[in-house]
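Listed here are the chains, written in short residue letters.
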Amino acid sequence: MEDLGLKIFGAILTTILGFTVGMTYGGIVRKLTARVQNRYGPPFYQNFLDLLKLQVKKTNIAHGFMGHMAPVWIIIAAVTVLLFIPILNGNLWFPNMSFHGDLIFLLYMMVFGSLGMALGAGQSGNPNSAIGVSRGLSQMVGFEIPFVLSLVALMIQYETTSVQELTQIQHETGVWNAISNPFAFLAALFASLGMFRYSPFDIVGAPAELASGPVSEFGGKYLGTMMSGGAIFAFIKLTLYVHLFLGGAGNPDNTGIIATLLGLGVLLIKTFTLYMVPVFYGWINPRYRTEQAIQYFWRWPTALGIIGVIWAVYS
Amino acid sequence: MNIFFLIILIFFSGAILSFIINRIAPKFSGITTFVTIAVVSFLFFTQVEINSITQFSLGGIQMQFGVNNYTYIFAILVLGLSLLASLFSIKYMQDNDRLGYFYSNFILSIAGMVGIIFSRDFISFFIFWEIMTWSSYLIVIYDGARSSRSGLKYMIFSAIGAYAMLTAIVSIKGSYGTFIISEAIENGAFNFTDHIYIPIMLLVGFAVKAALMPLHVWAPNAYSKSPMSFTAIFSGAMSKMGILGMGLVLASVYSHSTDENAFNVLILRQILGWLGGITAVMATIYALIQTDAKKLLAYSSVAQLGYIIVGLSTGTKLGVMAALFLAIIHAVFKGALFMVAGAVERQVGTTDMTKISGLIRKMPFTFFTALVSIIALAGIPPLGGFVGKWMLYEALITESNNYFLVIVIFFSSTAAFMYSYRFLFGLFLGQEEKEIEHVKEAPVTMIIPMVILALILIVTGVYPGILFEPIAQGMQYLGYSDVNWDMSVLVNVWGEESNMAYINLTIGVVFVVIFIFLTLKNLKGTRYVGTKDISTSGEIPTENENLTFQLDFFKPFQRAAAPLYKRSMDKIWNDLGNALEAIFDFTRRIYTGNGQTYALFVIIFLVILLIFKNTLFTN
Amino acid sequence: MINDKDSQKIVDYIQNFARKQSLFVMAYGTGCGAIEIPATMTSRYDAERFGIRGAATPRQADVLLITGYLATKTLKRVIRVYEQMQEPKYVIGFGSCTINGGMYFDSYNTINALEQYIPVDVYINGCMPRPESVISGFVKLQELIQQGKADNGKKYRENLEWYRTNQKKIIKNWKMPDYNW
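So the protein lines, in turn, are chains S, A and R. Numbering follows the working numbering, in which position 55 of the first sequence is assigned residue number 55; successive positions increment by one, without gaps. Numbering follows the working numbering, in which position 44 of the second sequence is assigned residue number 44; successive positions increment by one, without gaps. Numbering follows the working numbering, in which position 11 of the third sequence is assigned residue number 11; successive positions increment by one, without gaps.
So that you can see chain S by itself, here it is in the shape it has in the complex (with noise of 0.2 angstroms):
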């Protein structure tokens, strides 16, 4: 019984570092690109703020049933991932339960909060909501492409399927997947310029021209919660990428609570350079058409992969 109440605690303490790593990057983000703009920009807990506010909004509207479950199913989704990835390698401190669930699994539990959006944006009855969706979908099948093409590439590499292991592998070796096999972290990479959505693959939310596209008729804590959603899927993708190519982060040989926190740093650094990739692609970057991103990612983001897979045969 002690034991479940530690991993209770445990997964609510994940959750609320997810949520907060995830929030204060999206500030962070938010601040730097008003400095890149000459701009002085809000400080980086605003995201806190407008989380904040519209939470505490005085009147919320809901188109139906689908409408009120969409950030329900976001938040399942994003608290699910988390929960079944490793935070820190070998730590008690976060129950990883990545143990029961693997690769695969998180490929398919990361779309369960997607089609939960899509389902709600689809009952508001907006059209530019509809037309999101749309694009949304179109540009899942545009960057998963690169992206299974990596894992698969890792996953016959180490003979695994778990992030754990993954991460296990590259910790006794101490060479990252990002060196031993380029081509498919090269290839994830690409893919994470349109996981992220920021320019040129905002084509889903597109400012003043979709009116925010799927999420246009969601405000107050329905847009809330979605937005505690995201900045935990973007914590959880980081972290994902962190295991699985960039060598990972904590010790699980020590688990003592300094060695915790170095681990944090340590994943705190390595997400947040990682984070900066779409980041400063987008800074330079306009807006893509549907098809011209999908396609981008057919492209050299593909060939990439494929050539890993390759390399991975015969590694």
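Calculated from the structure, these hints are not laboratory results. Built from N, CA and C at the ideal position, the CB exists for glycine as well.
Far from chain A by the CB rule (all over 12 angstroms, computed), these chain S residues: (1) 35; (2) 171; (3) 300.
In silico DSS-like cross-links for lysine-lysine, where the CA-CA straight-line distance does not exceed 30 angstroms: (4) S:58 <-> R:175; (5) R:9 <-> A:524; (6) A:362 <-> A:434; (7) S:58 <-> A:524.
Please build the complex by placing chains A and R on the supplied structure of chain S, with the hints as guidance.
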């Protein structure tokens, strides 16, 4: 009386009875069908013993009836789905005429499938196969002229399959001297060592029913043109008869052949796997441009059968298990989805997604079924569909060397999200238009089978072991030893697992917490608004203004994937047909109908004879 | 705990702080004032440092910014947008035209005082008001929000009769849907 004969007899008498009853009281025709199938199901699951054999001879040919562990899987599938579909059919077909014709063929096709399951020899197998094909053909053309073309297509391809199968059966008798299936397997008829054409011919026959790539063109039309209560069986169960046969052939190739990595076995594995993969991709991208919900589902059926064939083609334990699991799950969710389409068709009058939208509040139970089935179809956790997909991917990645096939399958399954969403959005979400204001929820007898199927999907998501048990036994019959399974844990050969119970628990807990939080929070301040109350730049939409985005839903994707849309198997077959027609037309020209020409032919023939006299008649 | 007066004060303070620091603006670009919005949002004046940010749809917005004169045709849309916004919601009248009609005071097809039709929290004077004054207007609104004085959604709801009468005087063919709470 022997139980097998009794079941077949009940089926045939049920078919005749429902035809006669229609003359007297058309209402009871459907009920007769339901009762017939219910009685048979009851008899089957209580009286039939697995591995019992009945022998008899017909015209001097030894024939055997019996059920083994492998066919038992399909028996569950066929009888379960047929029972629900016939219950659904009562109200669905209510207002149609020629019900006797429909229901007697309905029963006959199920009799055909059950007969196939019972057959232990090729002769009865072939007879029942033809009964199934013919009765289903008669239902496809039930709508008369509107569907005669699709029916013709179906018939032509079925005939190709049947002749291929017949050739193989006769050759087996000729080469191995037996009609009994298990004896033929023991003698190595399918081993790809000598007489390679026998298994290939059989596979062609089965591939037609399983809608494998070059032979699939009949499927989309036939599925969407027949009445939905039958399509649930047609796509759900009848296509699985092809899978049954393929499984039988392939498994004996893999598990009985002496050299598992023999060259031709590898070739077979590659060809079948890639054909399955290409089927999946092409059917998927055609599914997502359909505007008719029935047609969308029909293409999606073809795609899903592609996954199953890919699973079978791996030949590994996990792969075959995935294929059989997917076969059952596909029957469940596609049965449910076709029933949903049927319910919508009956209540609204059309399934054209450009014409209807926003049915969610009118038909909540139908929507619930559709949602659950679509989640299973897309393979999203935590439902049964995910279990099958997971095993399929793991089998491909860990046990077969077909890494690029994984990508093809993954592409298809990601694109499947698109048409999945399209289906839900097209029928149930979007604007609530004035034209559908009168629509009501479907009758209870239609709701019950749909919801039962949806619940099955949920239960198999938590405890897939319920299905693993018969599948594992069936696989042992096929020659796989030590098939491991667990109630709710999926394991691959590298030892990684997906614990469905854990996953479901996590999802459930998070769901309850967040749902309560979001509902209770600011409950008073939350209000429901209609779908006309949307932000359209301050403009007020009028009553009749259609704001739903339905036409060309995936236009950007179509543009991006334009090269894929250029080729269509349908077109190739049509071209082939035209070419043949041209040749025949040329041949026909020989017979001009003019006596002079015929005389000329005779003279030419004589001249040729004279010229080659010495070579032809050496003596 | 919640009923306790002091803790309610603290809760109010925090809520109002969040509301004032995060203003999603629905810039209704009527008239010529819309040209000042880009200047206010971009590098030189940078309104985002006050937490002011554009919102795409009225569902997400907190502030309705009416930039300049309102033609009678536009008024219908403005009312629609205002009613679709979620409470608490604020309105900023921007430029002289919204106060008294400005240079269009005797025009046959513009309204003179915005206040007659929807409740306004802050007016920004000028023709045109420069970005500095726009920002100062926002800061004024933030002060009001912090003091809890700027909840005009409630006022609109309570005096709906009066507002409707005024609105119907201008909009002859009234086809608005009911404002259901």
